[in-house]
Amino acid sequence: MTTEIQRFQSTRRLSRVVLHGDTVYVAGVTASRSSGDIGEQTADVLGKIDDYLASVGSARDKLLSVQIWLKDIQRDFAGMNAVWESWIPEGAVPARATCEAKLASPDLLVEIIVTAAR
Amino acid sequence: MTTEIQRFQSTRRLSRVVLHGDTVYVAGVTASRSSGDIGEQTADVLGKIDDYLASVGSARDKLLSVQIWLKDIQRDFAGMNAVWESWIPEGAVPARATCEAKLASPDLLVEIIVTAAR
Amino acid sequence: MTTEIQRFQSTRRLSRVVLHGDTVYVAGVTASRSSGDIGEQTADVLGKIDDYLASVGSARDKLLSVQIWLKDIQRDFAGMNAVWESWIPEGAVPARATCEAKLASPDLLVEIIVTAAR
Numbered sequence: 109m110t111t112e113i114q115r116f117q118s119t120r121r122l123s124r125v126v127l128h129g130d131t132v133y134v135a136g137v138t139a140s141r142s143s144g145d146i147g148e149q150t151a152d153v154l155g156k157i158d159d160y161l162a163s164v165g166s167a168r169d170k171l172l173s174v175q176i177w178l179k180d181i182q183r184d185f186a187g188m189n190a191v192w193e194s195w196i197p198e199g200a201v202p203a204r205a206t207c208e209a210k211l212a213s214p215d216l217l218v219e220i221i222v223t224a225a226r
Numbered sequence: 109m110t111t112e113i114q115r116f117q118s119t120r121r122l123s124r125v126v127l128h129g130d131t132v133y134v135a136g137v138t139a140s141r142s143s144g145d146i147g148e149q150t151a152d153v154l155g156k157i158d159d160y161l162a163s164v165g166s167a168r169d170k171l172l173s174v175q176i177w178l179k180d181i182q183r184d185f186a187g188m189n190a191v192w193e194s195w196i197p198e199g200a201v202p203a204r205a206t207c208e209a210k211l212a213s214p215d216l217l218v219e220i221i222v223t224a225a226r
Numbered sequence: 109m110t111t112e113i114q115r116f117q118s119t120r121r122l123s124r125v126v127l128h129g130d131t132v133y134v135a136g137v138t139a140s141r142s143s144g145d146i147g148e149q150t151a152d153v154l155g156k157i158d159d160y161l162a163s164v165g166s167a168r169d170k171l172l173s174v175q176i177w178l179k180d181i182q183r184d185f186a187g188m189n190a191v192w193e194s195w196i197p198e199g200a201v202p203a204r205a206t207c208e209a210k211l212a213s214p215d216l217l218v219e220i221i222v223t224a225a226r
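Residue numbers (our numbering), protein chains in the order written: chain B, 109 to 226; chain V, 109 to 226; chain D, 109 to 226.
Treat the hints with care, as some may be off.
To be verified - If you want the footprint, here are the derived chain B segments under chain V, 3+ residues with CB under 8 angstroms:
| no. | region |
| --- | --- |
| 1 | 143-156 |
| 2 | 178-192 |
| 3 | 206-219 |
Just so you know, these hints were derived from the structure itself, not from any lab.
All residues carry an ideal CB built from backbone N, CA and C; glycine is no exception.
Using the sequences and the accompanying hints, generate a full structural model.
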């Protein structure tokens, strides 16, 4: 049994989206406008995830499992959740886990890693 | 090819269990009795995971991959492992990775994220 | 629908490789030569991943999703990436996310967690 792997938006380092069967793996997404606060960065990240999912025929109502990494979980957990809960469709919420972790650049406040169905 | 997604024990923020094909994604689980030490919290977490898995016809002998986040890995790695090894059935141990990470509340010592088969 | 689970190189605590359908889950891999710098440790880790993947008929050009944990992301992100980019085949790069995390032993600088296709 062999299922084809399709990769999208690849650099030398990573692919933004990988499709295997009907499972979609999205690379960890951070904000482009890293000067923003947690609300702005979370909204930026989730908007990018919408685009990545749409590029392979998936969408935010097909998330399976999500990891969220916050630079400062005590300060930013509530702010991230407010944007998250306004974005994720009621009745289609994924499994999720959140922890604190330093990210690749000091001004990044949040990184979100998504696995979805197509 | 489209495989149905089933979600269980959902809040506005996350689903405790998501089923996609015969893969089961469980949200990050922390202890309810967060006053306990690492042994008590780990036992509490693993008991909850038993319940989540049972709710979709899976069980602890069908784990595929596990991430374990510890608040203090130097202090608590051995204590977590002692409970883990008495819980996980010999011959049915999953892939696993453990690191240190601050969790959503300061009194939480351990969070476990499970992917399983049904 | 039930897909067989196969586990390889199991200890009492974890299996190095778990196969479920055509998805391969590899346990978090750290360097054996933990005295090395980030380049040496990353090369050691990726060499072990080659071996784990080969043991179930997979290979580095079939990675789906990767998490990389670094002890010191500011210091070691570039050094890890240099070895990573020379190892991962162009045109076959996976989704990837990297953060900073303390690992099970203080001399470990990098841990890599791989999900692959067979």
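Status of each hint after checking the structure:
1. Counting residues of the region 143-156 of chain B whose CB lies closer than 8 angstroms to any CB of chain V gives 0, which falls below the minimum of 3, so the coverage claim is violated.
2. Counting residues of the region 178-192 of chain B whose CB falls under 8 angstroms from any CB of chain V gives 5; the rule of at least 3 is met.
3. Look at the region 206-219 of chain B against chain V: 4 of its residues bring a Cβ nearer than 8 angstroms to a Cβ of that chain, three or more, so the hint holds.
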